[in-house]
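Chain order of the listed sequences is R and Y.
With this note's numbering, letter number 38 in the first sequence gets 38, and the count goes up by one each step, no holes.
With this note's numbering, letter number 317 in the second sequence gets 317, and the count goes up by one each step, no holes.
Hints in this document: simulated from the structure, not taken from any laboratory.
Every residue, glycine too, gets a C-beta built ideally from N, C-alpha and C.
Treat the hints with caution; some may be incorrect.
As the list claims (entries may be wrong) - Pair by pair, the computed Cβ-Cβ distance ranges are:
id, chain 1, residue 1, chain 2, residue 2, range
1, R, PHE133, Y, ILE487, 26 to 32 Å
2, Y, LYS218, R, PHE137, 22 to 28 Å
3, R, PHE137, Y, ALA420, 25 to 31 Å
4, R, PHE133, Y, LYS218, 42 to 48 Å
5, R, PRO121, Y, GLN418, 37 to 43 Å
6, Y, GLY41, R, PHE133, 53 to 59 Å
7, R, LEU76, Y, ALA420, 37 to 43 Å
8, Y, SER268, R, PRO62, 21 to 27 Å
9, Y, VAL477, R, SER97, 46 to 52 Å
As the list claims (entries may be wrong) - Looking from chain R toward chain Y, a few residues come up when the C-beta cut is under 7 Å (computed):
id, residue
10, PHE55
11, ILE56
12, ASP61
13, ASN127
14, MET128
To be verified - Okay, derived cross-link-like pairs now, DSSO-like style, lysine-lysine, Cα gap no bigger than 30 Å in a straight line:
id, chain 1, residue 1, chain 2, residue 2
15, R, LYS63, Y, LYS444
16, R, LYS19, Y, LYS494
17, Y, LYS494, R, LYS63
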Amino acid sequence: MKYLDSLKFAFYVIFHPFKGFWDLKHEKRGSMSAALTFLVLLIITYILRRQYTGFIFNENDPKELNVFIEIISVLLPFFLWATANWCITTLMDGEGSYRDIVIATAYALVPLILINLPLVPFSRIINMEEGAFYYFFASVSVLWTGALILAGASVTHQYTMTKTVFTSILSVVGMGLMIFIGLLVFSLLQQMISFVYTIYREIAFRL
Amino acid sequence: MKAKLIRCLVLALIIAGCFACLPPAAQARLPYHTYTYDYWGDVVYSPAAYLPNRLITGEDLGIGTLRTPTDLFVGNDGKVYILDAGNGRIVVTNDRWELVRVIDGFENNGVPDRFNNPSGIFVTEEGHIYVADTDNGRLVELNPEGKFVREIGPPQSDIIKDDFIYQPTKLVVDRAGRIYVVARHVNQGLIELMPDGTFRSYMGASRVALNMVDYFWKMIATREQRERMALFVPTEYNNLCIDEEGFIFVTTSALNEWDIQRTIDSRSEDDRYAPIRRLNLMGNDILRRRGYFPPVGDILIARRGSVRGPSMLVDVAVDDTVRVYSVLDRRRGRIFTYDSEGNLLYVFGAIGERFGNFRNPVALDYLDDKILVLDYETGTVTEFTVTAYGRLIRDAVHLHFIGKYDEAAACWEEVLLQNANYEMAYVGIGRAFLRQRKFEEAMKNFKLGNHRKYYSRAFYYHRREVIGRNFGLIVGVLAACFLALYIIIRVREKSQKSAYGEYQSEVREI
Numbered sequence: 001m002k003y004l005d006s007l008k009f010a011f012y013v014i015f016h017p018f019k020g021f022w023d024l025k026h027e028k029r030g031s032m033s034a035a036l037t038f039l040v041l042l043i044i045t046y047i048l049r050r051q052y053t054g055f056i057f058n059e060n061d062p063k064e065l066n067v068f069i070e071i072i073s074v075l076l077p078f079f080l081w082a083t084a085n086w087c088i089t090t091l092m093d094g095e096g097s098y099r100d101i102v103i104a105t106a107y108a109l110v111p112l113i114l115i116n117l118p119l120v121p122f123s124r125i126i127n128m129e130e131g132a133f134y135y136f137f138a139s140v141s142v143l144w145t146g147a148l149i150l151a152g153a154s155v156t157h158q159y160t161m162t163k164t165v166f167t168s169i170l171s172v173v174g175m176g177l178m179i180f181i182g183l184l185v186f187s188l189l190q191q192m193i194s195f196v197y198t199i200y201r202e203i204a205f206r207l
Numbered sequence: 001m002k003a004k005l006i007r008c009l010v011l012a013l014i015i016a017g018c019f020a021c022l023p024p025a026a027q028a029r030l031p032y033h034t035y036t037y038d039y040w041g042d043v044v045y046s047p048a049a050y051l052p053n054r055l056i057t058g059e060d061l062g063i064g065t066l067r068t069p070t071d072l073f074v075g076n077d078g079k080v081y082i083l084d085a086g087n088g089r090i091v092v093t094n095d096r097w098e099l100v101r102v103i104d105g106f107e108n109n110g111v112p113d114r115f116n117n118p119s120g121i122f123v124t125e126e127g128h129i130y131v132a133d134t135d136n137g138r139l140v141e142l143n144p145e146g147k148f149v150r151e152i153g154p155p156q157s158d159i160i161k162d163d164f165i166y167q168p169t170k171l172v173v174d175r176a177g178r179i180y181v182v183a184r185h186v187n188q189g190l191i192e193l194m195p196d197g198t199f200r201s202y203m204g205a206s207r208v209a210l211n212m213v214d215y216f217w218k219m220i221a222t223r224e225q226r227e228r229m230a231l232f233v234p235t236e237y238n239n240l241c242i243d244e245e246g247f248i249f250v251t252t253s254a255l256n257e258w259d260i261q262r263t264i265d266s267r268s269e270d271d272r273y274a275p276i277r278r279l280n281l282m283g284n285d286i287l288r289r290r291g292y293f294p295p296v297g298d299i300l301i302a303r304r305g306s307v308r309g310p311s312m313l314v315d316v317a318v319d320d321t322v323r324v325y326s327v328l329d330r331r332r333g334r335i336f337t338y339d340s341e342g343n344l345l346y347v348f349g350a351i352g353e354r355f356g357n358f359r360n361p362v363a364l365d366y367l368d369d370k371i372l373v374l375d376y377e378t379g380t381v382t383e384f385t386v387t388a389y390g391r392l393i394r395d396a397v398h399l400h401f402i403g404k405y406d407e408a409a410a411c412w413e414e415v416l417l418q419n420a421n422y423e424m425a426y427v428g429i430g431r432a433f434l435r436q437r438k439f440e441e442a443m444k445n446f447k448l449g450n451h452r453k454y455y456s457r458a459f460y461y462h463r464r465e466v467i468g469r470n471f472g473l474i475v476g477v478l479a480a481c482f483l484a485l486y487i488i489i490r491v492r493e494k495s496q497k498s499a500y501g502e503y504q505s506e507v508r509e510i
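Input sequences plus hints: build the corresponding full structure.
Take a look at the structure:
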């Protein structure tokens, strides 16, 4: 029942972030399985939102819906953030391990799920003029999650708020760097492969 | 004998098979595609709205080749005026392409005079011909018989620089006799002249859009650098046309490619980067841009290849009978037709060598419902006639404009039989249903037409109906929900108190 308890503990964390994140780490109230559950739920939320949001608010071209891109667009930023944050905070006396960071960040995503999931049916019973509510709740979920991520980082690493904000900005820069290096590697690989392939073809033609 | 027969049959079958593989004849005949853009900005091919009907050359009219004709005008009485600039003459025909008269010179106060590279022509309702005689730097008015009436020289005013070289290219005259002139190297808008030819003012200059990045560079640049930079100036117009209500349509092709791209991406109704404007007497833009994209020509802009960049709109013509207007893209030889709300109705035409193609189209005008396009390079006029499909769209737009929504919907239904991908037809049908208070059908059609705003309106009424019908049930369910919630909270409060107490004591123990 540890798993169910750790799932339920998310409700405590999102309303009492500082104490919640403390217990999450030090009292072992959270679990990796719960964290991964939240990630999967978030992916499902985003897919549902793209596919089933009411026509008035759904600006997505159904022709271009791609589940794999939806999955990547949740997982990639999440693990980029966790890795970049871990890299930065290890250098700056952060006390959280990689596991702590992943768990804390995943718990911080719960408001996104809790608000965006009901917004999907809600968007089907309101018209354009009432859309203000829809957009209000959608932005509340993002702000709430943002605040929770900051609170989580500050508690996990035992940082002051200024230091948390500072490391978070550095983490975002780090995410950019990682993407840049990734693209670089890919394009280099591509060049190399095409180079080898060209040589192969050249030889094949001449033989 | 029998073997021969079988061989013949097999041969016939093979030949028939070869023909069956070919594309249908109708498609093979047309040298261009007809299409629209949908809500997502994708090209949707459609049946042809206009077909090339006739190619008119100078030889057909018996007056020798037209050399670099620059403008074409259709008068109220159906007479067609072709400005044959290379030969310095005006060719007048009637609507059946029979030559009425050739004006290749006139007597100016007893002295024989000719045009020198004229590039714009306009004919008033009374039949008076105005010509923008570009290289002579003047406007010339002729009477319907082609006799000289007057010439209007360069405008005189304090706000016009002394070294200004007046090169009028296009002009229109409104009902009150005021003359609006497009001249080269003028970016203050149109030159407005009083009926007697004196300068009144510039009018209709586009609002200058300030680009923050350019502004920043200009701030830190030295004086010399600044002078070399492009100025923040309004765009230069290249053509104009006046509609029945006295509003002036103007086109420009001097806009920055990226500004146009941004306008398309943001579906902006702003007039600052608009290549088509409709000016009122104050010179303000009143063009409606209610379509899914603003009227800018092509939505998908090719970035590679030999023909790249946005549509280069060089002429505009209004069909006053059904209130649609067409613009001509010189770059790709396409004609875009929009309704008065700014919805794109159909696009057709192409650069090429076949009948129905252009090489360098410079002017278009409506002759009833026919579209005439003048080619500068080949010196020909191509006459396009409307197809049954195009006529249905025109009728539907017209019926909608005059408020006969149900008749319009009937037309749209027929359009859909020929082109089930035509979003505007669904919206038109939806609007008719909305007026008949059939909200569910309206919603269905608005969804097919991708029109979120109207869908929302239909949905609002539909929801009110549904709630009204099931009011008791909804209140009952809501009340039950609240009751259940209340009970759950009460029960949980009790159990949680004890659970939280345990948790607190655990914490204390540690």
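Verification of the supplied hints:
Distance hint check for PHE133 (chain R) and ILE487 (chain Y): the Cβ-Cβ separation is about 28 Å, which falls inside the suggested range of 26 to 32 Å. Range check, LYS218 (chain Y) to PHE137 (chain R): Cβ separation about 43 Å, and the 22 to 28 Å hint is violated. At about 38 Å, the CB distance of PHE137 (chain R) to ALA420 (chain Y) disagrees with the hint of 25 to 31 Å. Checked against the hint of 42 to 48 Å, the pair PHE133 (chain R) and LYS218 (chain Y) passes, with Cβ atoms roughly 44 Å apart.
For PRO121 (chain R) paired with GLN418 (chain Y), a C-beta distance near 38 Å keeps the hint of 37 to 43 Å intact. The hinted range of 53 to 59 Å is not satisfied by GLY41 (chain Y) and PHE133 (chain R), whose Cβ atoms lie roughly 29 Å apart. Judged by the Cβ atoms, the range 37 to 43 Å given for LEU76 (chain R) and ALA420 (chain Y) holds: they are separated by roughly 39 Å. Hint check: SER268 (chain Y) to PRO62 (chain R), Cβ distance near 25 Å, so the stated range 21 to 27 Å holds.
For the hinted restraint 46 to 52 Å between VAL477 (chain Y) and SER97 (chain R), the CB-CB distance of approximately 49 Å keeps it satisfied. Interface restraint check: PHE55 (chain R) against chain Y, minimum CB-CB distance 5 Å, threshold 7 Å, status holds. The interface hint given for ILE56 (chain R) holds, since its Cβ lies 5 Å from the closest Cβ of chain Y, which is under the 7 Å cut-off. Taking 7 Å as the C-beta contact cut-off toward chain Y, the hint placing ASP61 (chain R) at the interface holds, the least distance being around 5 Å.
At about 4 Å, the closest approach between the beta carbon of ASN127 (chain R) and any beta carbon in chain Y falls short of 7 Å, and the interface hint on this residue holds. Restraint check, MET128 (chain R) versus chain Y: the minimum CB separation of about 4 Å is within 7 Å; hint holds. With a C-alpha separation of about 19 Å, the suggested pair LYS63 (chain R) and LYS444 (chain Y) falls inside the 30 Å cut-off, and the hint holds. With a C-alpha separation of about 23 Å, the suggested pairing of LYS19 (chain R) with LYS494 (chain Y) holds against the 30 Å cut-off.
Restraint check: the Cα-Cα separation between LYS494 (chain Y) and LYS63 (chain R) comes to about 51 Å, which exceeds 30 Å; the hinted pair is violated.
Going through the hint list in order, the structure does not satisfy hints 2, 3, 6 and 17.
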